[in-house]
Amino acid sequence: MARKQNNTITWDTFSEGLWRENPVFAMLLGMCPVLAVTNSAINALAMGVATTFVLLASGLLISLLRRQIPKQVRIATYIVIIATFVTIVDYSIQAISLDLYNALGAFIQLIVVNCMILGRAEAYASKNRPLKAFVNALGMGAGFTFALLCLGVVREVLGAGKLFGFDLFGPQFEPWVVMVLPAGGFIVLGAWLLLFEWFKQRKAQSESDAVVEVR
Amino acid sequence: MNYESLSFIFLNAVLANNFVLALFLGLCPFLGVSGKLNTAVPMGLATMFVMLVSSVCAYGINIVLVGLDIEFLRLIAYIVVIASAVQLVEMTLKKFSPGLFRALGIFLPLITTNCAILGLALFQTFKEYNFLQSLVYALGAGTGFILAIMLMAGLREKLELSNLPSVTQGAAVSLMLGGLLSLSFMGFAGLGGQ
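Quick mapping for you: the protein sequence lines, in order, are chains A and B.
Heads up, the first sequence is in our numbering, so the first residue is 1 and it goes up one at a time.
Heads up, the second sequence is in our numbering, so the first residue is 1 and it goes up one at a time.
Calculated directly from the structure, the hints in this document are not laboratory data.
Just so you know, not all the hints are guaranteed correct.
To be verified - Taking CB as the label site, the calculated pair distances span:
hint, chain 1, residue 1, chain 2, residue 2, range
1, B, Pro42, A, Val73, 44 to 54 Å
2, A, Leu60, B, Leu73, 19 to 29 Å
3, A, Glu122, B, Pro42, 21 to 31 Å
4, B, Val64, A, Ala123, 34 to 44 Å
5, A, Phe166, B, Phe126, 43 to 53 Å
6, A, Leu60, B, Pro109, 43 to 53 Å
7, B, Lys95, A, Gln201, 48 to 58 Å
8, A, Val49, B, Leu6, 39 to 49 Å
9, A, Pro171, B, Leu159, 39 to 49 Å
10, A, Val73, B, Glu157, 34 to 44 Å
11, A, Ser15, B, Ala189, 41 to 51 Å
12, B, Met91, A, Gly119, 45 to 55 Å
Heads up, the beta-carbon is just placed ideally off N, CA and C, and yes, glycines get one too.
The shape of chain A in the complex, shown without the other chains (with noise of 0.2 Å):
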């Protein structure tokens, strides 16, 4: 081969976007829609689906088109590309259920400015083979909806007693319902990030002082 490419596809190609660039808890991307639609459960996962399917079907058109896709206008094409399956997306969940779209309301179509989905692209999709390109975008997907899961079943437990729409704590519970409102949205993804934090900052500890031991 003429080009020089790292073609294998490893574990690593779909983990990476499970924990250690995790979208959402590792790079801090594509915000908007983790605060807005994580008020319940059923709203988070069918959001995280959503993003995971236009994640995947541009990074498949994106990586396939690659070589034809010129430079100077790459962005505008990957946005073009992108909107086009968001609106595929937006009629396809209006079709499934009407209560589910009014639920995510205008953040379906705004999915096209999700910046995770345009970096996937320009940082992946553009360089990889289609194939790899597919494998990573559902790691990252993955990845997401996992993130958006965390947040919305916090939420949903603490502002109303309630996962996937099954009451838990029975009639005295009296809900937190600050919680499902906004600033329960920013508070919740704090302390998750608080925690993994604690997490991270915990093993590198640990880590040096088993260096330490060994010396």
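For chain A, the structure is supplied; the task is to place chain B on it using the hints.
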């Protein structure tokens, strides 16, 4: 048709349904560019300007789309218009005010992927505002954005001088601050409807 009065639309967009703190739009610049007050203010002004331009453009585009019965192209048309509007603003600024152009730097092109702009264009279409109402809505949304990002930048400048535990360094504490700001803006909820 929507019969909300202009002052109601303005106050609603600035305070009760603040784009950043109540509707979660435009969070990336809100968290990313709010480190210092003297970068936050130009960013807010540029965003407000693009909001006004794209609001006017979106209003025109929507009439054409409805007239031709091709509303399913709305999203694609809007995003292309916004990208072009940002490009236009960039070129105009470069020609007439090079100083401001340099001050804004990379923030200017990034406004394209600010969801507050596209959100504004979509909301004014959903709410069926007329031309004047759309313009006031854009003005209110822009003012609300500037207000939020300035408050945040002011808080974060104070925060730099305080002594925090090491785990809270970075985005976590900004998000907590955002939560508190959002909580205080909930006090305005009585001013407006959905």
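**Item:** Assessment of proposed distance window 39 to 49 Å (beta carbons of valine 49 (chain A), leucine 6 (chain B))
**Value:** The hinted range 39 to 49 Å holds for valine 49 (chain A) and leucine 6 (chain B), with Cβ atoms some 40 Å apart.
**Request:** Could you check the hint for me, namely that proline 42 (chain B) and valine 73 (chain A) are 44 to 54 Å apart, CB to CB?
**Result:** violated, 28 Å
**Prompt:** Regarding leucine 60 (chain A) and leucine 73 (chain B), is the given constraint of 19 to 29 Å on their beta-carbon distance met?
**Reply:** Since leucine 60 (chain A) and leucine 73 (chain B) have Cβ atoms about 23 Å apart, the given range 19 to 29 Å holds.
**Item:** Pairwise beta carbon distance, methionine 91 (chain B) to glycine 119 (chain A), judged against the given window 45 to 55 Å
**Value:** violated, 25 Å
**Item:** 48 to 58 Å as the expected CB spacing between glutamine 201 (chain A) and lysine 95 (chain B), which holds or is violated
**Value:** Between lysine 95 (chain B) and glutamine 201 (chain A), where Cβ atoms are some 50 Å apart, the hint holds.
**Item:** Pairwise beta carbon distance, valine 64 (chain B) to alanine 123 (chain A), judged against the given window 34 to 44 Å
**Value:** holds, 35 Å
**Consistency of beta-carbon spacing, leucine 159 (chain B) to proline 171 (chain A), with hint 39 to 49 Å** = holds, 42 Å
**Range agreement (Cβ of proline 42 (chain B) with Cβ of glutamate 122 (chain A), hint 21 to 31 Å)** = holds, 25 Å
**Message:** Verify the CB-CB distance for phenylalanine 166 (chain A) and phenylalanine 126 (chain B) against the hinted window 43 to 53 Å.
**Reply:** violated, 32 Å
**Message:** Looking only at beta-carbon atoms, does the pair leucine 60 (chain A), proline 109 (chain B) fall within the given range of 43 to 53 Å?
**Reply:** violated, 26 Å
**Request:** Determine whether the Cβ-Cβ distance between serine 15 (chain A) and alanine 189 (chain B) falls within the hinted range of 41 to 51 Å.
**Result:** holds, 43 Å
**Message:** Quick check on a hinted range of 34 to 44 Å for valine 73 (chain A) and glutamate 157 (chain B), using CB atoms only.
**Reply:** holds, 40 Å
Consistency note: the structure conflicts with the earlier hints numbered 1, 5, 6, 12.
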